[in-house]
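A.B. asks: Model the full assembly from the supplied sequences, consistent with the hints where possible.
Residue numbers (my numbering), protein chains in the order written: chain A, 25 to 378; chain B, 730 to 931.
These are calculated hints, taken from the structure and not from any lab test. Using N, Cα and C, we set each Cβ at its ideal position, and we do this for glycine too. Wrong hints could be hidden among the right ones.
As the list claims (entries may be wrong) - Here are the simulated distance ranges between beta carbons:
hint, chain 1, residue 1, chain 2, residue 2, range
1, A, P180, B, S783, 34 to 42 Å
2, A, S206, B, R895, 28 to 36 Å
3, B, E906, A, G156, 25 to 33 Å
4, B, D871, A, Q182, 47 to 55 Å
What the hints assert, rightly or not - Residues from chain A that keep clear of chain B, each with C-beta distances beyond 12 Å, as calculated:
hint, residue
5, R145
6, D174
7, V249
Residue strings, one per chain:
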Amino acid sequence: MAYLNRRFRRDERSQIILIAALALAVVFVALALIVNSAIFTENLASRGEMSGSEDALQMRHEVERGMGDAIRWANKHNNSGAPVTELDEATEKMTANVSHVGERHLAENGRLVNVTLDTTRDGTRIVDNSSGGSSFQSMGGNNDWSVVDDIEQNDPAQENVTRAFEIRVIDNTTLTTDDADSGNAFEIEVEDYDTSTPDPDSYNVFIWRSASTTPVTINVETRKVGGSPREDCAVEVPQQNFTIDVTRGRVAGTPCDALQRRQSDGENFQFGAGVDKHYNISFANGHNINGNYSLVTTNTSRASSNTLDVDNPNTAGTPFITDAIYDAVVDFRYDSPGLTYESEIRVARGEPDA
Amino acid sequence: MDRGKMDRGQAHTLEAITAALLLLASLVIALQMTAVTPLSASTSSQHIENQQSSAARGVLAAAADQGALKDAVLYWNNSSEQFHDVESIGWYANDPPNNTFGWMLNRSFDERGIAYNVYVVYRQQSGNHRQMKMIYRGVPSDNAVVSARTVTIMDDDHLVRANGTRSNTTVLKSTVEYDDIQENEGTGIYNYVRVEVVAWRI
Chain A
25 MAYLNRRFRR
35 DERSQIILIA
45 ALALAVVFVA
55 LALIVNSAIF
65 TENLASRGEM
75 SGSEDALQMR
85 HEVERGMGDA
95 IRWANKHNNS
105 GAPVTELDEA
115 TEKMTANVSH
125 VGERHLAENG
135 RLVNVTLDTT
145 RDGTRIVDNS
155 SGGSSFQSMG
165 GNNDWSVVDD
175 IEQNDPAQEN
185 VTRAFEIRVI
195 DNTTLTTDDA
205 DSGNAFEIEV
215 EDYDTSTPDP
225 DSYNVFIWRS
235 ASTTPVTINV
245 ETRKVGGSPR
255 EDCAVEVPQQ
265 NFTIDVTRGR
275 VAGTPCDALQ
285 RRQSDGENFQ
295 FGAGVDKHYN
305 ISFANGHNIN
315 GNYSLVTTNT
325 SRASSNTLDV
335 DNPNTAGTPF
345 ITDAIYDAVV
355 DFRYDSPGLT
365 YESEIRVARG
375 EPDA
Chain B
730 MDRGKMDRGQ
740 AHTLEAITAA
750 LLLLASLVIA
760 LQMTAVTPLS
770 ASTSSQHIEN
780 QQSSAARGVL
790 AAAADQGALK
800 DAVLYWNNSS
810 EQFHDVESIG
820 WYANDPPNNT
830 FGWMLNRSFD
840 ERGIAYNVYV
850 VYRQQSGNHR
860 QMKMIYRGVP
870 SDNAVVSART
880 VTIMDDDHLV
890 RANGTRSNTT
900 VLKSTVEYDD
910 IQENEGTGIY
920 NYVRVEVVAW
930 RI
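C.D. replies: Spelled out as structure tokens, the structure:
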């Protein structure tokens, strides 16, 4: 017992030191226990996602890109004017290939993938692929002409009706240096098909080159619905040949504000924005640009016979129209030991981003 | 009274020794009990590996979406039969290639002190897979992570010149290292290559 009053002698105190040591020992062990709980909680909380869905989504993206390539190949090599059923067969064969490629790669890791074609939507492709480039005039030599009429949305859920509109300028000196206001710059006009309404919507893109700047600056300006709002971009392009991706909104690989959604207020300048999904596309001042172009639309009827030739006659400088696949829907299935993922993928390369 | 003091001396000593031993033992137990998990902060922590794996995945996904991955795979010098501007050893060792993919890798990895190798794995006509080095910085450490992405090359894809523009030579007629696998004739697939990025902290 510990008698702590002064009446007793100090060396008769009992084992205080031992008790203190015992207490301290218990405290240390308790502290270690608390630290362990904290470490274990952090471990549990930061365990990553285990089921492997990242792999499934990555494979989905790869399949989408592979199918985009496949459709581009099928469209491009349809120059002989084969009927659309053959185009569909070619697409099925390409889909089987994409599936096969994926299967072989993933089987090594114990995964299965399967891609089958569900539906395709027909359209047409308008091309000017003269080697060395040509001016963007019609077959009859007109500078201002209607490229495609009556492009219509087949399905209310469909967002876009034109895709993969690419202009490849081979020699940038062929671009005029007159700007959009002069009325001489090359212009792409997208207009309501039904012009009988009082206020037809329109979307116009002007392309020209800045006079005497080094390196050369390419200017693109977009005007919606009769002059305003408008947006422009100027991109320095040191190379003589470059590509303008009109539907994807890039000039020589650089995103262009005049062809995308404006950051500050969300105003949409993507291709055909503001125009009802039933429109015509025409060119103006086609002599003030030189190169190649191609676009795919959902329009399935032939254009008038004196503006576009049919099915690549190999006549230099003549644009032509040919059947093409606008988009395709494929069924995608991914199996792994812990996860099965099935999805439909809509493939339409070159559409404006949502 | 004196006898009492002499008797108690040994007890006091014993008490002190026991107390000291008890304290020491508890300290040792407490320190040994503390869990060291793979997530504890160190250069080989699992967090860092997860982070690098996500970064590698992200770079590959962004490059594939822009088309920069295919351009990097076709960034081939037809006359010298190598990638453009490689060092004499045959692959990039000091700097990544001067194309969009190389700039992306530089921003994501080089500026953060993470070393990386990039391999291109392709199928040969015999059916075997061959791994070609595009960027090689040395043997990876034990805690390296790998991430991969497949690129399909079609027959009519063009090579890319050193300045980034499209060359006139198509893959079919070039000296590119990847073979033409020629299966399913008429479908236009030239080969499909896997781009693997191995990253580790120096």
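A.B. asks: Given the range 34 to 42 Å, decide if the beta-carbon distance of A/P180 to B/S783 lies inside it.
C.D. replies: Hint holds: Cβ distance 39 Å, inside 34 to 42 Å.
A.B. asks: Is A/D174 truly not at the interface, in the sense that its beta carbon sits beyond 12 Å from all beta carbons of chain B?
C.D. replies: The assertion about A/D174 holds, with a minimum of 31 Å to chain B.
A.B. asks: Between B/D871 and A/Q182, does the beta-carbon spacing fit 47 to 55 Å?
C.D. replies: Since B/D871 and A/Q182 have Cβ atoms about 52 Å apart, the given range 47 to 55 Å holds.
A.B. asks: Is it correct that the beta-carbon of A/V249 has no partner in chain B closer than or equal to 12 Å?
C.D. replies: holds, 31 Å
A.B. asks: Decide, holds or violated, for the assertion that all CB atoms of chain B are farther than 12 Å from the CB of A/R145.
C.D. replies: holds, 21 Å
A.B. asks: Quick check: does the Cβ-Cβ distance between B/E906 and A/G156 fall within 25 to 33 Å?
C.D. replies: Between B/E906 and A/G156, where Cβ atoms are some 31 Å apart, the hint holds.
A.B. asks: That 28 to 36 Å hint for A/S206 and B/R895 (C-beta), does it hold up?
C.D. replies: Roughly 32 Å apart at Cβ, these two residues keep to the hinted range, so it holds.
Checked against the numbered hints above, the structure breaks none of them.
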